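Residue numbers (my numbering), protein chains in the order written: chain A, 19 to 323; chain B, 66 to 236.
Hints listed in this document are in silico derivations from the structure and should not be mistaken for laboratory results. The structure displayed is predicted, hence computed values, not measured ones. It cannot be assumed that every hint is accurate.
To be verified - Result set (DSSO-like, lysine-lysine): computed pairs, CA atoms no more than 27 Å apart in a straight line:
| # | chain 1 | residue 1 | chain 2 | residue 2 |
| --- | --- | --- | --- | --- |
| 1 | A | LYS306 | A | LYS320 |
| 2 | A | LYS186 | A | LYS308 |
| 3 | B | LYS125 | A | LYS110 |
| 4 | A | LYS27 | A | LYS184 |
| 5 | A | LYS108 | B | LYS95 |
| 6 | A | LYS194 | A | LYS309 |
| 7 | A | LYS27 | B | LYS94 |
| 8 | A | LYS124 | A | LYS27 |
| 9 | A | LYS194 | A | LYS184 |
| 10 | B | LYS182 | B | LYS193 |
| 11 | B | LYS125 | B | LYS102 |
| 12 | A | LYS194 | A | LYS27 |
| 13 | A | LYS186 | B | LYS94 |
| 14 | B | LYS103 | B | LYS123 |
| 15 | B | LYS125 | B | LYS136 |
| 16 | B | LYS94 | A | LYS124 |
| 17 | A | LYS108 | B | LYS167 |
| 18 | B | LYS125 | A | LYS108 |
| 19 | A | LYS186 | A | LYS313 |
| 20 | B | LYS95 | A | LYS110 |
| 21 | B | LYS102 | A | LYS27 |
| 22 | B | LYS130 | A | LYS110 |
| 23 | B | LYS130 | A | LYS124 |
| 24 | B | LYS182 | A | LYS108 |
| 25 | A | LYS27 | B | LYS130 |
| 26 | A | LYS110 | B | LYS102 |
| 27 | A | LYS27 | B | LYS103 |
| 28 | B | LYS125 | A | LYS124 |
| 29 | A | LYS316 | A | LYS306 |
| 30 | A | LYS186 | A | LYS108 |
| 31 | A | LYS124 | B | LYS136 |
| 32 | A | LYS184 | B | LYS193 |
| 33 | A | LYS110 | A | LYS186 |
| 34 | A | LYS108 | A | LYS184 |
| 35 | A | LYS306 | A | LYS186 |
| 36 | B | LYS94 | A | LYS108 |
Said to hold, decoys possible - Derived contacts from chain A toward chain B, CB cut-off under 7 Å, selection only:
| # | residue |
| --- | --- |
| 37 | GLY62 |
| 38 | LEU97 |
| 39 | HIS101 |
| 40 | TRP172 |
The beta carbon of each residue, even a glycine, is placed where N, CA and C say it ideally should be.
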Amino acid sequence: MTKTSRRFKLVDTFYIVMMILPLLVGMGIQVLTKPQSDGIALTGARIFFTIPMPIQNFPVTESQINSLLVTVTIFFFCLYMVHGISERAKLKRQLIAEWIVEQVDKLVHENMGGVFRGYAPFIVAMLALSAVSSLSSLIGLFPPTSDINVVGGWAILVFILITYYKFKCGPLYYLKSFTEPVALLAPINFLSEFATPISMSFRHYGNILSGTVISTLLAVALSGLSALVFGWLPGLFGELPWFRLGIPAILSIYFDVFSGCLQAFIFAMLTMMNVAGAYPQEEHEARKQKKLLKKQRKNENKQVA
Amino acid sequence: MQSLPIISINLWEMLFALLNLLILFLLVKKFLYQPVKKMLAERQATIENEYKDAEEAKRKALSDKQAYEEKLSGAEAEADSLIQSAVQTAQIREQQIIAEAKEKADGIRRQAEEDAKLELRKAEQTIKEEIVSVGTMLAGKVLEREMNEEDHKKLIDSLIDEIGGEYEGHK
């Protein structure tokens, strides 16, 4: 018993370490590669190296590295949560895991209906990746969600899903859906089709980036203010930006923590709404039944013949 | 070190992010969702089993209770009938005993009466004989006269009968 429990604890420790390690690696990379005298500047993700690719070169930047690290963290978090899971919940973390699963199941069921039950893990992944990516700015990492390409990739995936469900009733029905309610509106409908992923990605990316921008502006402003107030002090006391101690943290509660979680939730909600709304369920089921009837009739005819 | 401009569109980066999300989806599904769902289903099954067991046990207990109650009431009825039959036999026996006792007592009384009658007769006889002998003696002594045996006896018998008739009349 003691041997197994010791082994259990060892595995637990391994998972926790593997949860934290990626974030530490990200911080280490940040410390090692960020030039010291960067000053206050708003730039995108820093490029580590570039892979030559057709059409466009693929620059591997902070966002790619950090999103991979976040993925690893979430993966080990999942492993940690379900480690030692049993019917009679012996561990507190099991209750949290159950709570997550049940809540997201409920959310998906309410917003998408029973047909889309399989989307629950996708929504969990999306929520977790988005939220943890945004929150990674708290430990000084470059948040991958403030890169348009990352959020854009997710939005493209959502767009593919939407289009897939719109094509469920055949391409003709898909084309016909553009002429509703009036044929005149077809160009606008066509545009709105592409507006969905763009608006989704820009909303998410813009909110996170705006947090960074405001934080940067605030940092500049507070540096100036402390130079003004404490500039007359001799030596190090005059140089240190005293006002940047603590005050940005209060604002970051909104711009990093709240906004990050909220945007993750909004992105997931929009995904659910759009994907579920794209599926013409009644039409699809009616067509299915028609096909079944046709098949049956054919079989009957064959039998008669 | 170079950095991207704030807004820059790169297809490969988008593809990378897309694949990253897909991979995380698969990981979450495999390592968080499936174990939890499996556990929940197992728990549901266990709970249903427990409920079924409990219901069965309850039903069994109720039927047992009914059976016991039936048995108990049967036993009570049996006891009642036993007591009744015992009382009946006791009454019959009582009457029998009383009747027997009466009979016995009657028998004893009859015997006693018979005995008494016999004794009386015996006594009568003895007295008769005694009186005869005494009479004879008396007569012989008093009259001093010889008499033949037959006259003598006749005389005494008449005397005794007189006395006996008086006695009978008394009785």
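(Q) So, as I understand it, the hint says HIS101/A touches chain B; can you test that by seeing if any CB pair is closer than 7 Å? (A) Because about 9 Å separates HIS101/A from the closest Cβ in chain B, which is outside the 7 Å limit, the hint is violated.
Q.
Hint check: LYS124/A vs LYS136/B, CA-CA at most 27 Å. Holds or violated?
A. With Cα atoms ~55 Å apart, LYS124/A and LYS136/B exceed 27 Å; violated.
Q: Grab the minimum C-beta distance from TRP172/A to chain B and call the hint holds if it beats 7 Å, violated otherwise.
A: With a closest approach of 5 Å, the TRP172/A hint holds.
Q | Agreement of LYS125/B and LYS124/A with the hint, judged by alpha carbon distance not exceeding 27 Å | A | This hinted pair is violated, its Cα atoms lying about 39 Å apart.
Q) Does the alpha-carbon distance linking LYS194/A and LYS184/A stay inside the 27 Å limit? A) holds (11 Å)
Q: Given the hint that LYS130/B pairs with LYS110/A, test it: the Cα-Cα distance must not exceed 27 Å.
A: violated (43 Å)
Q: Could you grab the alpha-carbon distance between LYS125/B and LYS136/B and see if it respects the 27 Å cut-off?
A: Cα-Cα ~16 Å, so holds.
Q. Holds or violated: are the alpha carbons of LYS110/A and LYS102/B at most 27 Å from each other?
A. The hint holds at about 17 Å.
Q) Would the pair LYS108/A and LYS95/B pass a check requiring their Cα atoms to be no farther apart than 27 Å? A) holds (22 Å)
(Q) Check the hint pairing LYS27/A with LYS94/B against an upper bound of 27 Å on the C-alpha distance. (A) holds (24 Å)
Q.
What's the verdict on LYS306/A and LYS186/A, does the C-alpha distance respect the 27 Å limit or exceed it?
A. The given pair, whose Cα atoms are some 11 Å apart, holds under the 27 Å limit.
(Q) With the threshold set at 27 Å, check whether the alpha-carbon distance from LYS186/A to LYS313/A stays at or below it. (A) holds (19 Å)
In this structure, the earlier hints numbered 3, 4, 8, 11, 12, 14, 17, 18, 22, 23, 24, 25, 28, 30, 31, 32, 33, 34 and 39 are contradicted, and the remaining ones agree with it.
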